[in-house]
Each structure stands twice: as structure tokens, then as C-alpha cells.
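A.B. asks: Sequence:
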Amino acid sequence: MVLPDDIAAVLAGALELAGADLPEGSPATQAPALLARVRGLIRLQNVVEAAVAGTVRAAECAQAAEFDGHKTMKTWMAGHLNVSTATAARVTRAGRTLEQLPRWSEAASAGQVTPDQTAVVAKVATAARLAAAAELGADLHGDDGIDATLLACATGDHPEALPAAVARLLNWIDPDGPEPDPTRRRELHLTPSAGAEGGGTIHGRLDAAGFEKVSTALTAHQQAGRVADDDRNHAQQMADALVQVADNALASADTPMLRKHHAQVAATISAEDLLDSDVIAGAARLGSGQRVSNEVARQLACDSIITRVLFGPDGMPLNIGRAQRLVPAHIRKAAEARDGGCVFAGCSAPTWWCDAHHVQEWIANHGETSVANTALLCERHHTKVHHGFSIAWDPVEKRWRTYRADGTEIIVGYPPGEPVPRE
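Position one of the sequence shown corresponds to residue 3 (our numbering), numbered consecutively onward.
The hints are simulated quantities; they were obtained by calculation from the structure and are not laboratory data. Check before you lean on any hint, since a few could be wrong.
Claimed, not checked - Capping the alpha-carbon separation at 25 Å, the derived lysine to any residue pairs in SDA-like fashion look like this: (1) LYS335 x TRP354; (2) LYS335 x GLY284; (3) LYS215 x GLY200; (4) LYS215 x ALA251.
In this text the structure is predicted, and so the values were computed from the model without any measurement.
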């Protein structure tokens, strides 16, 4: 069995062969060696990407993600390996593509095609589309088949023609194409900043009708918010208008209910830091996980309902006893302040997706309805915990730990110093 440490050693050896040190000398003598090294490393990267995609596909077919309580390899990779959901989705699609195109898969394993090229052919290399092509009389895997033709295009003199070749093939399989739905073009990305100041960027796109609605609403607030001698530029005015729209929505009683209370901005901060007149960076944690200063927290508290949650030295909020089974709103808020979302290892589901779970069952084990006995779990992982998996609070590290049915702990990421189990 090939294990992660073995793979790392092999790759380290390959990198050593590629040359650990950069070549010395004049630019004229350096250039050929540097270009050759880049070419070799890119090919090695292609080989590794293909191996990852193929392994992920094998894990997908074996439902390996279920071992750690996840439904798909996409969510497992995002939760356990700190890759973006977009990267996890791309790798998953690549694995399925390699399964459908044997010749392409062989070339990918040799580093002859890139992950970007595999992403292009993935648009046509689905089981449904290849089956439709076969019904139309297309040769799929022969010397002149779709697999070989796409590979020849990707590795030939004009690899830039690959997207056009895929587009022609898609048009031949389904000349009319699916009925366009303009709303399917809508997308919005909220990307939190990694810096100490928090914040983030927003980008996306809308169809014509959606854009007109958003533009009209923001422009109305932008125009209404203009004052004499306003030195803000148009972009700043529109950003302020967007925040004002959000403020109005959050202040409205018409906002959707999220687990027993209306949507609201949450900031967790100690009373001492909140009242401190000095600015303390990172003193408060927002619901998104970002950290902001106590000054920002005070600003948010100016027009807010403040819920006091007292934490003990072990990181647990104080409890209220066992009088009721259903978790009341104030206990849930305390659990949300502590947990920040689903506590199952590798899950990033937000608080409003989560159920309030009694760690010690209320009926079977006489567990009390308290913050200490309440944990947030998304629906899937709530089900898992009721079918063999378990969670337990670690008072030393002040976090939840997750265990499989056999008692082994689910470890997220690449834990240093952990022994690798061998068969």
C-alpha cells in the first residue's frame, strides 16, 4: 500500500533530480537550464494532478468520504485539506473525465496534458453526452474516435484550438442546446480578507433583469445618501449604498427566520474588551469567523440587541439546567457564539444550517438542556451522530472533537507528528 509519506519521499526525489539549486552563470547560460527545469516541473505537476484526480475518483466510487462522515469527496477535501470548494469540484470532475476517456487518462498520467485541458474536455466527457454521441454513430475510443481526436488536438501543433473543438462536438451532439435560463448566469462571490482589518471583496454577475433591479435599488440609496461637499467617489457611494440596503434589511421584521431568530450580525467579544477605551485588534469574532477590533464591535453594538453570554475558564458558556427538552433561543445563541457553525470535524456549515443537538440525549441519557450539553450540527452530521459517530468537548483545547463509531478520532488536515497507520 502506497502511503502519504512514501509519496512525499518519491516527489522529493523527483525534485532533487530536477535540481535543488538554480543554475548559475550568465543569463545566456542560465536560460536553457531554467526553462528545461520549468518544463520538467510542470510535467511533474501534471502527473501529480492526474494521480490526485484518479485517486479522488476511486475514493468517490468507494464512498470513502463516509468514513469521516462526509457525503462527497468534494466536501471532504474542502473540510479536511483546506482547499476551496471550486478546487475540490474541479478535481472531482477531472477524475470522472479521466474515467470516461482512457487515452486521455493515459496521457494525463504521463504529464502530456494539463489540468486546464482536462477541465475543457470535461464539458463533453460526461457519461450522458458520450452516450448521446454513440447513439449518433460516433466512435468513442477507437483510433479515430472522440477520445483520440481530443487528445491529438490537445498535444498537437495548435492546442489552443481545443476549446473550439469541444464546442463543435457539443453542438453536434445537441445542436439546439438546452433552453437558456438567464437566471442561471447569476453568481455572487463574497471573499473574506485574510488581513487583520477583516472585510472582503464582492464580485459576480447578473442577468439583465436581475442587474436592473439591483442597480435601481443601489442607485436610489446612493442618490439619497449624497450630501453637500461629498468627497466620496462613485464606487465608494455605491459601496455605502449596498451596506445601507443590508442595514435596512437586517432592521426589518420581514427578514427570514434562521433557527428561531431573525437574521442578524453576530459579534462575540469579552465585556472587558468591549468596554476598553483602547483599540484592541482582533478582540471580536464575527459570525463569518473574521476577527475585528473592539472599536468595530462597539460600532455594531450601537443599534443592536446585546445578548450577554458568560464563558467559564474551560471555554463553555454557563448553563440553565434540564427543565425543558427543546433548546430555547438564548441557549442556542450561546452555542452559536461558542461553536460558530457545525462542530463536526471538517464541516463548515454556518449556524443557520445547524440543529441544536443534545450531546447526552435528553430522553435516553437524561441529558440536561444546557449550553454545555448543546452542540451545533448540520442536518447530515446530526444524523451521523445519531448513527454511530460521536462528539466530545475538549476543555483543554476548548473545542469539539469528533469520533468514528470505532472510537478513532477524525483528524482534519495534516497533523504533525501523527504516525501513519500501515497495513
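A.B. asks: Compare the structure with each hint and give your call.
C.D. replies: Cross-check of the supplied hints:
{"no.": "1", "hint": "LYS335 x TRP354", "in the structure": "holds, 11 Å"}
{"no.": "2", "hint": "LYS335 x GLY284", "in the structure": "holds, 21 Å"}
{"no.": "3", "hint": "LYS215 x GLY200", "in the structure": "violated, 29 Å"}
{"no.": "4", "hint": "LYS215 x ALA251", "in the structure": "holds, 16 Å"}
In this structure, the one hint that does not hold is number 3.
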